[in-house]
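Asks: Sequence:
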Amino acid sequence: MDRLDAMAVFVAVADLRGFAPAARRLSLSPSAVTRLVAGLEDRLGARLLQRTTRSVTLTDAGARFLVRAQSILAEVAEAEAAAQAERAAPTGRFVVAAPSMFGRLHVAPQLCAFLMRHPAVTGELVLGDRFVNLVDDGVDVAVRIGFLDDSTLVARPVGATRRVVVAAPDYLARHGKLRTPDDLARHAVIHSSALAVAPEWRFVRDGVEQRIAIAPRFATNSPDAAIGHAELGAGVTMALAYQVIDKVRAGRLKVVLPGFEPPPLPIQVVYPTSRLLSAKVRVFLEQVAACDWRFVAL
Numbered sequence: 001m002d003r004l005d006a007m008a009v010f011v012a013v014a015d016l017r018g019f020a021p022a023a024r025r026l027s028l029s030p031s032a033v034t035r036l037v038a039g040l041e042d043r044l045g046a047r048l049l050q051r052t053t054r055s056v057t058l059t060d061a062g063a064r065f066l067v068r069a070q071s072i073l074a075e076v077a078e079a080e081a082a083a084q085a086e087r088a089a090p091t092g093r094f095v096v097a098a099p100s101m102f103g104r105l106h107v108a109p110q111l112c113a114f115l116m117r118h119p120a121v122t123g124e125l126v127l128g129d130r131f132v133n134l135v136d137d138g139v140d141v142a143v144r145i146g147f148l149d150d151s152t153l154v155a156r157p158v159g160a161t162r163r164v165v166v167a168a169p170d171y172l173a174r175h176g177k178l179r180t181p182d183d184l185a186r187h188a189v190i191h192s193s194a195l196a197v198a199p200e201w202r203f204v205r206d207g208v209e210q211r212i213a214i215a216p217r218f219a220t221n222s223p224d225a226a227i228g229h230a231e232l233g234a235g236v237t238m239a240l241a242y243q244v245i246d247k248v249r250a251g252r253l254k255v256v257l258p259g260f261e262p263p264p265l266p267i268q269v270v271y272p273t274s275r276l277l278s279a280k281v282r283v284f285l286e287q288v289a290a291c292d293w294r295f296v297a298l
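Take 1 as the starting number for the sequence shown in my numbering and just add one per residue.
Derived from the structure by calculation, the hints contain no laboratory data. Be aware that one or more of the hints could be misleading.
No more than 25 Å apart at the CA atoms, straight line, and that leaves these computed lysine to aspartate or glutamate pairs for DMTMM-like [unchecked claim]:
| hint | residue 1 | residue 2 |
| --- | --- | --- |
| 1 | K254 | E286 |
| 2 | K254 | D182 |
| 3 | K247 | D129 |
| 4 | K247 | D170 |
| 5 | K254 | D206 |
| 6 | K177 | E261 |
| 7 | K247 | E231 |
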């Protein structure tokens, strides 16, 4: 027996003072109404209704239980209405996590636009280059770059980005071109540990992955700092294409070794497995899906 269903039947019987009118209101058979009320009384160990051939009245216990039952059913109805409203229109707290630089450049503008369109939502953007646990950290959605192995998350591809090696044109004019990854040994290397913790860079030669050990002249955990150092003509660095696309198109940096790049990395929006998405997640996913987050052609 469902407790809430039985409670609702009892309230209807008490309100209409009869089993037959309650059955008509609830579209149930009179025998089903009688059975549900009797089951509720058995569960409580108390008689809630006095039945005669002419009337149905509340017992003292029934009168006290009626007040509580009406309150509980009202709270349930309010909770259901709130949940349905959230499914219909974005509302409430919305937390998005993203890599630091990508979040600053691309996710922050999207979240700001989302909040402008939906004033009932309060937003929070968490930037960092480590993967957060969405459930433990209370994150609604996260933007991740790279291949995922967490099967507990739903992933929606929204773009892709190349891993490119870049240098300033004046640096290349002074130190010569790079024709193969082996040429890195005679160049000043600028390494960002945000892209690769180990002091090695990955390439693909004739379809086979090749890892090149590097001895950085300058190392940093900041992609901005590494790219800025390369832009000043201090050496060669590896970056994700979205991080340098504007500088490459402006001629301040030049892509080298394009024929040895590994396959592009997917850009994905991930969220915990859920049969029913909240409106804020659903609408944000729709908005992001319309973005141009393919950083492949430079």
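Asks: Could you tell me which of the numbered hints above are not met by this structure, giving the numbers in increasing order?
Replies: 1
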